[in-house]
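**Student:** Going line by line, the protein sequences match chains A and B.
Letter by letter, the first sequence follows residues 1 to 138 in this note's numbering.
Letter by letter, the second sequence follows residues 139 to 338 in this note's numbering.
Derived from the structure by calculation, the hints contain no laboratory data.
Mixed in with the good hints there might be a few duds.
Listed below are several chain B residues computed to face chain A (Cβ distance under 8 Å; list not exhaustive) [said to hold, decoys possible]: (1) R163; (2) I177; (3) E265.
From the derived model, a few chain A residues whose C-beta atoms are all more than 10 Å from chain B [what the hints assert, rightly or not]: (4) G23; (5) D24; (6) R25; (7) A35; (8) R58; (9) A59; (10) L82; (11) A95; (12) L115; (13) S123.
Straight-line Cα separation of at most 25 Å, DSS-like style, residue types lysine-lysine; simulated pairs [said to hold, decoys possible]: (14) B:K144 with B:K226; (15) B:K331 with A:K48; (16) B:K277 with A:K129; (17) A:K129 with B:K237; (18) B:K277 with B:K144; (19) B:K218 with B:K331; (20) A:K128 with B:K237; (21) B:K226 with B:K237; (22) A:K128 with B:K144.
The beta carbon of each residue, even a glycine, is placed where N, CA and C say it ideally should be.
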Amino acid sequence: MTEPNFTLIDEGRAVAVAATVDGDRVQLSPAALRAALGWEVKPQGLCKDDRCVPIAARADVVTAAGVDLAGFAAVLSRPLALDVGARAAYFGAAAADRAAQLASLQAPDFTLPDLNGRPHALSDYRGKKVLLVAYASW
Amino acid sequence: MYEELKDYGFTVITVALDKSPDDPRPFIEAAAPTHPSLIDPEHLLADLYRIINVPTVVWIDERGNIVRPNDAAFGSDMFKELTGIDPKPHLDALRAWVKHNELPLAPNNVRDYQVLPTAEEQLARAEFSLAWYLYQLGKPEAAERHFVRAGELAPHDFTIRRGSMPIRGLDPMGPAFAELYSEWIAAGRPYYKVIPLPGR
């Protein structure tokens, strides 16, 4: 196993991985992909937990050189921001997942710190009516 | 408002979309709120709720359901002249909900007033998040490329464009903001859907 040379951030969680960088293409070994993001390359496609996404029509995603990061993001319909020079990439949340959560009308839960660093979750306030206010100093 | 309503099974939760706790600290310490007042440098809330400007309010009921989706509302008259938004109709409706359970929208209509995120908007958020990560890593030039890209993908998202200005060394009240604002006006002021409010 080669040394980690690339940072993948999966919705805020950063993981160092060994990647092959070739021009704009970034590729991971299937083992590195599995360790970093939990997705496995299987005969039926890319799989995580009980879910498999077929990749038969996407010959460019998994090659002998590894799993192509941009192709992997495209298969999962997840946004990928990539900086090859800085050796870092950010996987965001799929629009369809965010949209489905909002359309369910169940308020997405979150945990954020106050000024003293104490974490608060929205769900801590279940049983109360909540006025959620986003603001900023800018 | 919070002091008036807090004994009715109600809380306010404020979330500052700021790069550092030091940015909103003067506001928070001056207001000395007894409700949770949280800090969100990663813009997690903007991602989860598709928040594109501040202030944005969302009403969430006792069971954790959204009963009134994203809207612009202010807690005082401070910005009334600047924004043309009178805080009173929203505060009156809030009181009626908290004290008398008067729902602001029929439950079947809440979805009609949501704007759901697009793939392009989510890509803009990923670009913003990568930029913020690179900035914190001490790579401001790499960060700048991705802040710019994020703004191109979501040109009318103030949390991305204006929210990145203090990080990029740009004045959020200066020429960069004037440019953003005039683009937004020219595009027809794209924003949330207008939720009916008695008196608005």
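**Student:** Below or equal to 25 Å on CA atoms is what counts here, so check B:K331 against A:K48.
**Tutor:** Measuring from Cα to Cα gives roughly 37 Å; hence the hint is violated.
**Student:** If we take the beta carbon of A:L82, is the closest beta carbon in chain B still more than 10 Å away?
**Tutor:** At roughly 8 Å from the nearest Cβ of chain B, A:L82 sits no farther out than 10 Å, so the non-interface label is violated.
**Student:** Just want to verify: A:R25 was marked as not at the interface with chain B; is every Cβ pair farther apart than 10 Å?
**Tutor:** 17 Å, holds
**Student:** Would you check whether the claim that A:A95 is not at the interface survives, using Cβ distances to chain B and the 10 Å cut-off?
**Tutor:** Incorrect as stated: the minimum Cβ-Cβ distance to chain B is 4 Å, not above 10 Å.
**Student:** Is it correct that the beta-carbon of A:A59 has no partner in chain B closer than or equal to 10 Å?
**Tutor:** 23 Å, holds
**Student:** Does the structure keep B:K277 and A:K129 at a Cα separation of 25 Å or less?
**Tutor:** Given pair B:K277, A:K129 is violated - Cα atoms ~42 Å apart, limit 25 Å.
**Student:** Beyond 10 Å from chain B, beta-carbon-wise, is A:D24?
**Tutor:** 14 Å, holds
**Student:** Is the claim that A:R58 lies outside the interface with chain B correct, judged by CB distances over 10 Å?
**Tutor:** 17 Å, holds
**Student:** So, B:I177 near chain A? Judge it on the closest CB pair being under 8 Å.
**Tutor:** 6 Å, holds
**Student:** For the hint on B:R163, just tell me whether its beta-carbon gets within less than 8 Å of chain A.
**Tutor:** OK, holds: B:R163 within 8 Å of chain A, min 6 Å.
**Student:** Is it correct that the beta-carbon of A:G23 has no partner in chain B closer than or equal to 10 Å?
**Tutor:** The claim holds: A:G23 sits with its nearest Cβ about 17 Å from chain B, beyond 10 Å.
**Student:** Straight-line Cα separation of B:K226 and B:K237 no greater than 25 Å?
**Tutor:** Given pair B:K226, B:K237 holds - Cα atoms ~16 Å apart, limit 25 Å.
Figure legend: structure checked against the earlier numbered hints; hints not met, in rising order: 10, 11, 12, 13, 15, 16, 18.
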